[in-house]
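J.: Each chain is listed here by its residues.
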Amino acid sequence: MSKLNRLAINEEGFIFDPDTGNSFTVNQTGLLIIKALKENKTEKEILELLKEEFEVEEKEAQRDLIDFMEQLKLYGLLEDKNV
Amino acid sequence: MYKVAVSGINAVDNPGPGIGIAKSLKESDLEVMVLGLAYDAMEPGIYMKWLIDKSYIMPYPSKGENLLIERLLYIKNNFGLDAVIPALDAELPLFIKNASLLENYEIKTFLPTNDQFKLRGKDKLPEVADKIGVKIPKTKVITSYEELIEATEKLGFPVMIKGLFYKAYKAYNISQATSYFNSIVEEWGYPVIVQELISGEEINVVGVGDGEGGHFGLLGIKKLWITSLGKIWTGVTIKNEKLLSATEKFISEFHWKGAFEFECITKDNEIYLIEINPRFPAWVYFATGVGINLPARLLKAALGLEVERDWNYEPGKFYIRFTDDFVTDISEFQKITLKGEC
Chain R
1 MSKLNRLAIN
11 EEGFIFDPDT
21 GNSFTVNQTG
31 LLIIKALKEN
41 KTEKEILELL
51 KEEFEVEEKE
61 AQRDLIDFME
71 QLKLYGLLED
81 KNV
Chain G
1 MYKVAVSGIN
11 AVDNPGPGIG
21 IAKSLKESDL
31 EVMVLGLAYD
41 AMEPGIYMKW
51 LIDKSYIMPY
61 PSKGENLLIE
71 RLLYIKNNFG
81 LDAVIPALDA
91 ELPLFIKNAS
101 LLENYEIKTF
111 LPTNDQFKLR
121 GKDKLPEVAD
131 KIGVKIPKTK
141 VITSYEELIE
151 ATEKLGFPVM
161 IKGLFYKAYK
171 AYNISQATSY
181 FNSIVEEWGY
191 PVIVQELISG
201 EEINVVGVGD
211 GEGGHFGLLG
221 IKKLWITSLG
231 KIWTGVTIKN
241 EKLLSATEKF
251 ISEFHWKGAF
261 EFECITKDNE
271 IYLIEINPRF
281 PAWVYFATGV
291 GINLPARLLK
301 AALGLEVERD
311 WNYEPGKFYI
321 RFTDDFVTDI
331 SEFQKITLKG
341 EC
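First to last, the protein sequences are chains R and G. Here our numbering is used: the first residue of the first sequence is 1, the next is one more, and so on. Here our numbering is used: the first residue of the second sequence is 1, the next is one more, and so on.
Keep in mind the hints are simulated off the structure, nothing from the lab. From a predicted model like this one, the values you see are computed outputs, not experimental measurements. Where a beta carbon is used, it is the ideal one built from N, C-alpha and C, also for glycine. Check each hint, because a few of them may be wrong.
[What the hints assert, rightly or not] Pair ranges (Cβ atoms, derived):
#1 G:G291 <-> R:N5: 22 to 32 Å
#2 G:D130 <-> R:K51: 46 to 56 Å
#3 R:N27 <-> G:R309: 55 to 65 Å
#4 R:Q71 <-> G:S179: 35 to 45 Å
[What the hints assert, rightly or not] Restricting the straight-line Cα-Cα distance to at most 27 Å, the calculated cross-link-like pairs of lysine-lysine (BS3-like) are:
#5 G:K223 <-> R:K73
#6 G:K317 <-> R:K73
#7 R:K73 <-> G:K108
#8 G:K317 <-> R:K3
#9 G:K317 <-> R:K38
#10 G:K317 <-> R:K35
#11 R:K3 <-> G:K135
#12 R:K73 <-> G:K239
#13 G:K239 <-> R:K35
#14 G:K223 <-> R:K3
#15 G:K242 <-> R:K35
#16 G:K239 <-> R:K38
#17 G:K49 <-> R:K73
#18 R:K38 <-> G:K267
#19 G:K267 <-> R:K35
#20 R:K3 <-> G:K267
#21 R:K38 <-> G:K242
#22 G:K239 <-> R:K3
#23 G:K108 <-> G:K118
#24 R:K73 <-> G:K267
#25 G:K242 <-> R:K3
#26 G:K97 <-> G:K138
#27 R:K3 <-> G:K249
#28 G:K49 <-> G:K108
Make the full structure from the sequences, and use the hints.
T.: Printed below as a string of structure tokens:
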């Protein structure tokens, strides 16, 4: 099971990693991205979701998505094969 | 009713495991009377009568095994004693050495063998790590100041300076390293261990090996908040498969018997073994709280009863310590001081 799929995520954006015991909080944008990644959605699909949900331009959505995925990698929650 | 002696009832800022053990035994399906073995009349457990039914002052382990056995036999003959769960490092060698003698007197224990006990030595960790497929920090075993200089040059700062069994200090430069080296040599003698510092997540396992390669349950945790003495104050259960399978391999490879705590660091998906403690840790009640009553299971094993082996716990269970206080009469203090029991 990939690291991402093992994470326990609740609707308020609290994330618990049962492997390391670390916990994180994310905002609604982060929550949407992380849930979409868990569902194996492509980057393009996630961008569409972000634009639709938060009524933002493609460029802004793309920047947020890249930033957030880098953060996930930094914390060891996302492996390169996930993206 | 089983009468079981438990040591480490010093519920202070550097707590012994005794209160967690006593609490677990009281919550088990066995009827247990807990006898506290204390080394000082001020140990709070002596006065916690709702957990420790009766307490005895013990001779210091440094006074030798004869006094220890005599004291245990006194308790057995005057009050009754079915089993002992020693929980302090300094006592363990005496109890391990005398386990079969105690068995002859019908005082049961469930302890590691002397060879297993030696595995906790930090000079043995490379061998253990190798056999169970985990890493250890780069380690140098040294016996002189010249070797200390050489080791720190090779490992670079910061380094950990450790005694073979006890004490660990973080040194950022050679003057700190020298001072810690001298302090360890003075207190514990040679050799001294110089170890690479691994910065990662500290994770631990508590368990009880059955002595035949299996176990009576494991619990993996992460310490989330520790005191200035490094003692856990809050923690969370984790299910790190790599850590748990390494622990199971340790038990099966060495046929570990009795309680143990595995201290590890995880970094970049690797597990580094830092320490093996051949006893319950002070946070052992965490296991009981999530449904794996390890002290009760160890007691059942010691008594030759059937022991549960299920250990399916949920990750994300939270452990909280807190301070508390109560008032009792000075007559309790008087009894323990004058008679050595109360």
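J.: List in ascending order the numbers of the hints, as given earlier, that are violated by the structure.
T.: Failing hints, ascending: 3, 7, 17, 26.
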